[in-house]
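Number of protein chains: 2
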Amino acid sequence: MTFAAAVHYKAIELSRHVCRMCTEAGSGHPSSATALAHITTVLLYHTMRYDPANPWNPLSDRLVLSEGHAVPIIYAAYADVGGVVGADPKHGRKLSLDDLWTLRDIASVLDGHPNPALGFPFFDAATGSLGQGVSVAAGLALAARMDGLDKTLYCIVGDGESREGQIWEALDFIADQHLTNVRVLFNSNKMGQSDYVSPQQSAATLARKIRAYGLHPITINGHDPVAIRKALAARPPKGKPVVIIAKTQKGWGVKELQQVGYHGKPLDAKGLQAALEQLKLPARKPQDVLCPPLPRGEIPKADRQAIALADPDLVKMAEGTKFAGAVQKGKVATRQAFGLALLALGRASKRIVALDGDVSNSTFSETLRKEFPDRFVECRIAEQNMISVAAGLAAGGKIPFANTFAKFFVRAYDQIEMAANTCANLKMVGSHSGVSLGADGPSQMGVVDAAFFGSLAGVRTPKGRPGCVVLVPSDAISTIKLAALMADYEGLVYMRTLRPETAILYQPSEPFRLIGQKVLSPGKDLAIIAWGYMVHEARKAAERLKGEGIEAGLVDAYSLPLAADFLEAIGAGPGAKLLVVEDNYGGGLGSAVAAAAAQRGNIRVTSMTPRTMPKSGKTADDVLRFVGIDAGAICRRAKEFLGKA
Amino acid sequence: MTFAAAVHYKAIELSRHVCRMCTEAGSGHPSSATALAHITTVLLYHTMRYDPANPWNPLSDRLVLSEGHAVPIIYAAYADVGGVVGADPKHGRKLSLDDLWTLRDIASVLDGHPNPALGFPFFDAATGSLGQGVSVAAGLALAARMDGLDKTLYCIVGDGESREGQIWEALDFIADQHLTNVRVLFNSNKMGQSDYVSPQQSAATLARKIRAYGLHPITINGHDPVAIRKALAARPPKGKPVVIIAKTQKGWGVKELQQVGYHGKPLDAKGLQAALEQLKLPARKPQDVLCPPLPRGEIPKADRQAIALADPDLVKMAEGTKFAGAVQKGKVATRQAFGLALLALGRASKRIVALDGDVSNSTFSETLRKEFPDRFVECRIAEQNMISVAAGLAAGGKIPFANTFAKFFVRAYDQIEMAANTCANLKMVGSHSGVSLGADGPSQMGVVDAAFFGSLAGVRTPKGRPGCVVLVPSDAISTIKLAALMADYEGLVYMRTLRPETAILYQPSEPFRLIGQKVLSPGKDLAIIAWGYMVHEARKAAERLKGEGIEAGLVDAYSLPLAADFLEAIGAGPGAKLLVVEDNYGGGLGSAVAAAAAQRGNIRVTSMTPRTMPKSGKTADDVLRFVGIDAGAICRRAKEFLGKA
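Here the protein sequences come in this chain order: A and B. Position one of the first sequence corresponds to residue 1 (the numbering used here), numbered consecutively onward. Position one of the second sequence corresponds to residue 646 (the numbering used here), numbered consecutively onward.
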């Protein structure tokens, strides 16, 4: 039997499964899935070098299904080849055909969209929110190159999806980085969800765009097995990365599924019958013509070395760097301290990789760039791509630290949420956080981050961890200590650093936990709880209040989620009065403290966040005063608060 | 004096101002600004048809400075032409040269980046977070076309900025929509912040990309006044929109500013001296050669008609639509109700415009598309562009309703925050919100929206309003009533709608306020506070609890911010027990209620949000149970809560 005939048989067989899967589920996207029947068959039964019995093999080629809703066809193929699923190698089991009919069920490993964290390790990242997969594939490709591994990263993208700007950020990145080990395939089936795609998304326009981006387009019939095989193996001319534009039929094989507006619609019982009639299996069944090749080579030993840094000797760390002066003066910005920490971490472990969005001389990720240029990834001004590339690097075994202004991370909150769903081991450091940024104004200030990351901090992942840990260090010492804990911890972490220099509060030997708080000073009248820059402002306020006979304690609540015993740890019992002040909009620290307190119902909390949106101000003080959270405002609030006692 | 000589004189003069402005401010981006000296001069002194004395003239050409940090050059030109600033026409005043030296001061109207909401009405939208301006210009252009106005929308973009995917979403959109009245200029100065731009961003590559996108690139010397003037006036061949690639010198005119890494650095006193030496004004001063032409035509009367809908007659509204069956059964999804409301609003006011991201047959914005295709904007799968286009439409006097899944709005949170800073009159409706979405799984579920939008709800804009109002209607009636209030209200509003059908709770005559709550039933033991889908789940729980002798009241807390008298309004006095349950991650409703309660310190609040990240489930019930917020879980929590009393 010819290759083409064998593939064709399989494509029909898998399409039959897909139709039945979605009908049984009562939902799903059979039309997007069958469009990929031939491509999936060639990839999973011929081209990809992988081991269905061991989806954790780090040498395997990988597939990123950016067009996540088409996943039923991948599930069908994977079950057919006897692919293994499970949360980890100890809990692996073979997927069976019977599993397919559990698609989208609450107890099923076959989720509506790809997600390795739900027990489907064939994939590396949760997809389904469109436009993110090419970046993930690029990150996996970078990791492979860093490790000298011969891996090909395949990525299937929809043509409807090609309108997402991130796709083009990723293609720019692939061109910049010469990632010839990424092979992108556009599922060019002419339809989006509600309508045909526009001329901007036609196969011809896609090819023109790809050429303009400096990549090599190959346009094929997406249902021609030989053409698919050839395109997947094409050696790029002039070393350009190849992008395949596969002309496909949405709803291939089933007339009903081919109508516009049939996106995301399963067939009813009658429609399924008709579909199975149309998808008639040929008489001759393929005999072992199709078999996925195993990856070659010895599986390298995983680097599981714990990461730790010695107690920070700031003077020594800063020697010879641009931060020596600041350290001398004893006033160091946490972003400067992070730069020092990142370099130290980079020296401690080869897994540490830094990414930056063209601001490495502001975030100070440049420290790693200068010493380990091969582990620094310049992502330019394209934050969405940066985050998903980082997710790919994490899936490839790296510990990526993504860096940019806290405000610019907002550009990638969708990608970050998907990374949280993936349980990606991704670290983010948002510099210039809060309103202390001053003169640049609100378009550069990170003020919504506490709420967003706080919401992730309050939910558990499938692995039982917080969706994200949020760290807001107040000084250089805690920054370095928390950065080390952040690197060694497995999971998503976001750290806010500051633009301005601040005093050093902690001794180098002060022990820190990833999740915790520090009581800087006790106080019988009230406790002021703050983080980051506001710890210093709160200190000023506490001193002024002391002068007026009011004893305010000071707590550095540097992390979310709060520790389970937070209130006890800070000595807040019945009747306690807590004033929380943060330099970001509400939903973060104050919300968490109020929630904990309100459960008790006998602790009072007054919360201070910027009252109004900030604007430019020449000094941090100007802006703090403008938005009503400067030391003076804290004192006034404290007195009001106590007056009402 | 020739045109070129006059422009050159002005370019030097403005560059002198820019250097001094940034030096006095102690911060700023003089190098990006002087690169635009000639372009700015030709635009603001010759090409743009506008009235410096009346920046609110709706007939004027507009400039969107996407490369927001270059704003000092615009400020300098605007002051030089005697441009008017102010919060509104009643408070307008002429900008003077002396104002320039107040750049970035807390009391200055000259913010670090453009923002009309801070009193600089020459601009239409806050920019500074890069990559958003082309979309805004496209939205302004669409509004102009809808109104039959002959306006040209200019947009200046950086080459570093060209890596942002949104730029390419916008260019696809401009091509799709044939927006020939948009003229984009790339400030191609070869440098980003930390480094030279990559080959992907060179002038030649930009031209290739633009051609591939179906637009017409014109490459010029960005310091040649005649070439600039010509390119700005070029008539597009074959009706293609024109994109100008202007090769410029970053830090034009000042040697020190031309170094790599000098991005965002002001000159010190000595550097300023040297700069002014280099930027020597020619001997001959231009005499009235340059004067901005006024816009022609009679200023149309602004449509300030209040928008209101009659009490909704669901049966009548649904007649002849696909929702008639649901209404008949008395179980209507809020997304269906919104579809009906949108159509009614579209009939009530010509200002109503709907945008959608290729899911109008799921969000049901298709109702407007079918009846008023000229007021429906298909944005395809590109949410970032959709939001900023909507911001442009709002600036152009429209009332835009942007529609997509709640989860897909996360893609545009940066753009939404900028719209909040702008105080844009932008409405967003996120369908399929919360975990009740069921089978698609978390990549399609809006669960972080409450925290993000809640954080905006808790801060005041420069105009004194909430940064955003969040609406979460629980039934069809409240959806329609709140949609009408949303349309009539001036400011940012976000509504969450649901996929599944729910019961109808309110009478058509029930009065609603934009910010408020409804006590559905009183209860002496505790009050269950919920919104949206969870009101129905809470109702089930309350009924079960009643059967066990526990009287739980029920509150539909449908908006954020909470009303100032929320606790009083729901009858929560000292000793009250409140159980809050929401189908989104924390930081939203529960946080707001806990914050209000904790201020008192004598009200207990227990908050329920999804305990774990959701996954696919065939029914909404499956998923609610999986994440621990179903009626059974609510009952258990209520009993625990009371047990601890």
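Keep in mind that the hints were calculated from the coordinates and are not lab data. The structure presented is a predicted model; accordingly, all values stated were derived computationally and were not measured. Some clues are possibly wrong.
As the list claims (entries may be wrong) - For lysine to any residue, the following SDA-like pairs were computed, each having C-alpha atoms within a straight-line distance of at most 25 Å:
| # | chain 1 | residue 1 | chain 2 | residue 2 |
| --- | --- | --- | --- | --- |
| 1 | B | LYS900 | B | LYS885 |
| 2 | A | LYS331 | A | LYS524 |
| 3 | A | LYS322 | B | PRO938 |
| 4 | A | LYS301 | A | ALA564 |
| 5 | B | LYS967 | B | PRO1153 |
| 6 | B | LYS885 | A | ARG211 |
| 7 | A | LYS240 | B | ASP1266 |
| 8 | A | LYS524 | A | LYS463 |
| 9 | A | LYS540 | B | ILE751 |
| 10 | B | LYS1015 | B | GLN918 |
| 11 | A | LYS370 | B | ALA857 |
| 12 | A | LYS190 | B | LYS885 |
| 13 | A | LYS370 | B | PRO1153 |
| 14 | B | LYS735 | B | PRO938 |
| request: With a cut-off of 25 Å on the C-alpha distance, tell me whether LYS190 of chain A and LYS885 of chain B pass. | output: At roughly 23 Å apart (the allowed maximum being 25 Å), LYS885 of chain B and LYS190 of chain A satisfy the hint.
| request: Take a quick look at whether LYS524 of chain A and LYS463 of chain A sit within 25 Å of each other, Cα to Cα. | output: 41 Å, violated
| message | Just to be careful, I want the Cα atoms of LYS967 of chain B and PRO1153 of chain B compared with a cutoff of 25 Å; is the pair within it? | response | Measuring from Cα to Cα gives roughly 21 Å; hence the hint holds.
| field | 25 Å limit on alpha-carbon distance, applied to hinted pair LYS370 of chain A and PRO1153 of chain B | value | Outside the cut-off at roughly 67 Å; violated.
| Is it true that the CA of LYS240 of chain A sits at most 25 Å from the CA of ASP1266 of chain B? | 50 Å, violated
| request: Would you check the hint for LYS331 of chain A and LYS524 of chain A, treating anything up to 25 Å between C-alpha atoms as holding? | output: Between LYS331 of chain A and LYS524 of chain A the Cα gap is close to 30 Å, so the pair fails against 25 Å, i.e. violated.
| said: Please verify whether LYS735 of chain B and PRO938 of chain B have alpha carbons no more than 25 Å apart. | reply: 24 Å, holds
| Taking 25 Å as the top limit, are the C-alpha atoms of LYS900 of chain B and LYS885 of chain B close enough? | Violated, at roughly 38 Å.
| Restraint status (C-alpha distance of LYS322 of chain A to PRO938 of chain B at most 25 Å) | 51 Å, violated
| task | With a cut-off of 25 Å on the C-alpha distance, tell me whether LYS370 of chain A and ALA857 of chain B pass. | result | 37 Å, violated
| Are the Cα atoms of LYS301 of chain A and ALA564 of chain A separated by 25 Å or less? | 37 Å, violated
| Has the given pair, LYS540 of chain A with ILE751 of chain B, been kept, meaning a C-alpha gap of at most 25 Å? | 22 Å, holds
Checked against the numbered hints listed earlier, the structure breaks hints 1, 2, 3, 4, 7, 8, 10, 11 and 13; every other hint is satisfied.
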